[in-house]
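Undergrad: Here is how the chains run, residue by residue.
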Amino acid sequence: VTERSGARDERAAGEAGDAAARDDDLRVRALRAVWSTMRDHDPPDSGLGALLAAARVKAESMQPRTSRWRRLAAVLRRPPVLAFATVVVLIGGGVLVSQRIEVSRSPRPHDTGPPRSGEPVGSSISSEGRPAAQPAALAPAPARPRARP
Amino acid sequence: MTTDTADEDLMGQYQRGEVRAFEVLLSRHRKPVYNFILRFVGDRETAEDLLQEAFMRVIKGAEAYKRHAKFTTWLYTIARNLCVDQTRRRKHRKHASLDAPLDASDESGTLLDVIPSNEMASDRKSVNKQLHQTMHRAIEALSEEQREVFLMRELLDMPFRQIADVVGVPENTVKSRMRYALEKLRLELDEYKDVAKVAP
Numbered sequence: 095v096t097e098r099s100g101a102r103d104e105r106a107a108g109e110a111g112d113a114a115a116r117d118d119d120l121r122v123r124a125l126r127a128v129w130s131t132m133r134d135h136d137p138p139d140s141g142l143g144a145l146l147a148a149a150r151v152k153a154e155s156m157q158p159r160t161s162r163w164r165r166l167a168a169v170l171r172r173p174p175v176l177a178f179a180t181v182v183v184l185i186g187g188g189v190l191v192s193q194r195i196e197v198s199r200s201p202r203p204h205d206t207g208p209p210r211s212g213e214p215v216g217s218s219i220s221s222e223g224r225p226a227a228q229p230a231a232l233a234p235a236p237a238r239p240r241a242r243p
Numbered sequence: 080m081t082t083d084t085a086d087e088d089l090m091g092q093y094q095r096g097e098v099r100a101f102e103v104l105l106s107r108h109r110k111p112v113y114n115f116i117l118r119f120v121g122d123r124e125t126a127e128d129l130l131q132e133a134f135m136r137v138i139k140g141a142e143a144y145k146r147h148a149k150f151t152t153w154l155y156t157i158a159r160n161l162c163v164d165q166t167r168r169r170k171h172r173k174h175a176s177l178d179a180p181l182d183a184s185d186e187s188g189t190l191l192d193v194i195p196s197n198e199m200a201s202d203r204k205s206v207n208k209q210l211h212q213t214m215h216r217a218i219e220a221l222s223e224e225q226r227e228v229f230l231m232r233e234l235l236d237m238p239f240r241q242i243a244d245v246v247g248v249p250e251n252t253v254k255s256r257m258r259y260a261l262e263k264l265r266l267e268l269d270e271y272k273d274v275a276k277v278a279p
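Chains as they are written, first to last, in this note's numbering: chain A, 95 to 243; chain B, 80 to 279.
The hints are simulated quantities; they were obtained by calculation from the structure and are not laboratory data.
Quick list of in silico lysine to aspartate or glutamate cross-link-like pairs, EDC-like style, CA-CA up to 16 Å: (1) B:170 x B:122; (2) B:110 x A:139; (3) B:110 x A:134.
To spell it out: a stretch of chain A is covered by chain B in this simulated footprint if at least three of its residues, at any positions, have a beta carbon under 8 Å from a beta carbon of chain B; those stretches are: (4) 132 to 139; (5) 147 to 156.
Here are the simulated distance ranges between beta carbons: (6) B:110 x A:169: 40 to 48 Å; (7) A:148 x B:266: 42 to 50 Å; (8) B:156 x A:179: 47 to 55 Å; (9) B:146 x A:161: 20 to 28 Å; (10) B:166 x A:165: 48 to 56 Å; (11) B:124 x A:168: 43 to 51 Å.
These numbers were taken from a predicted model, which means no experiment stands behind them. Just so you know, even glycine gets a beta-carbon here, dropped at the ideal spot from N, CA and C.
Just chain B, same shape as in the assembly:
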């Protein structure tokens, strides 16, 4: 068993009882799955719980895994379903988020803006921080369908075909959702476009 062994082969080995194969899979995918979930749900604690749950489901369903399916497709389908369930549940009992506007109006600002910051907004670091916060907010503002496609494409570098398999829609629909997501993000980040062009 080497670091080059394909995920599907490792899963096959795990199905034959080799726990070491699962450890390799875990070390390979834990971080990207965590970042995908974190950017999907936008909350660290929830992301940790969902990450744990996703891999628990992989363990429980290991026997059912068929080798012809791509392992990452299977893994991200599990992670994505958990995220979708979570966001639907959250819609029913909405908390005050640090990033959420205080009022319904767009001009009201967010809790993050109210919290005093010692850093000067003029320096580059601070601008970058603002840019990142705006990016986070913009991603959170995307619809669920657009967000998942954007994250899989940009964060995980997944091909459109695979995203279509994970989400369960035609490939063209995925491409269309990606286009709308990019349009929205462009609009959200329009005021930073000059900064973004020279971002490191």
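Okay, chain A solo, but in the shape it has when bound:
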């Protein structure tokens, strides 16, 4: 019985509340007119600095913690770092390739046999840019006086 009467009371209160929600009564409108003419006050700025400082401290403490590797990866992913890394890789690659070419052109130490046909003797260039010294075996023999018959 108590529950039912409680529910009835609540329903009655609800109906009364609905009437309040409509409140198209002239006197309520007049009340609202007075209320709307009462101006809002601006809060003072005195405590604002302290609030913002506290907010900043809290924001720092709430920032998600990342591992050292992740932070490093994030730094590496930044555009200037990426551009620099690209330039370094390109220059390094260029230097390596040019060195390989020079090494492949220079004579190998075991390459002492007679030159193949068609290959000019003494045409090899040393790494310093000077003509390489010819090996003794390839040097032309000194001219001997011809024996008379």
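Given the coordinates of chain A, assemble chain B onto it according to the supplied hints.
TA: What follows is chain B alone, placed relative to chain A:
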């Protein structure tokens, strides 16, 4: 982050450490919260302290905020609880208020009436001022439960459902409290009803 960003999204950003999001929230809600508190407690100095305390609690409890809850519901629950605590504390050590009657009898007038005023009561401005003072007094005379509902509904334009969430009572109870509050205010302002009808 734009000015249209929802409060809940801003709070989420603040939870990720973006202090700018909190600044937007503060600029958006500082004034309405202050006016709510001011009209609840009726004292400027106390309202300033409570405003500060309310936002400090928002900062401290930022991590605990859950995104599914409406930010304003959470914020005004904090502000309302502070106001309720304050008025309960004040009941224990009552000061002489400028608006309080000098004697227990209703006819005694208030301190505001005793303070000499240079303004002529006849002009419109003065009538409006009187009307506002009467309104203030009438709001202060409301019970705590009726006052908070009236302020949230009329000052903050909150839906009854949200007020019910803030106050922690069923929606129908909120509607009923609102009705009684309006009845009381109507009675208090009855002598001004003709002026009020033409109020700008």
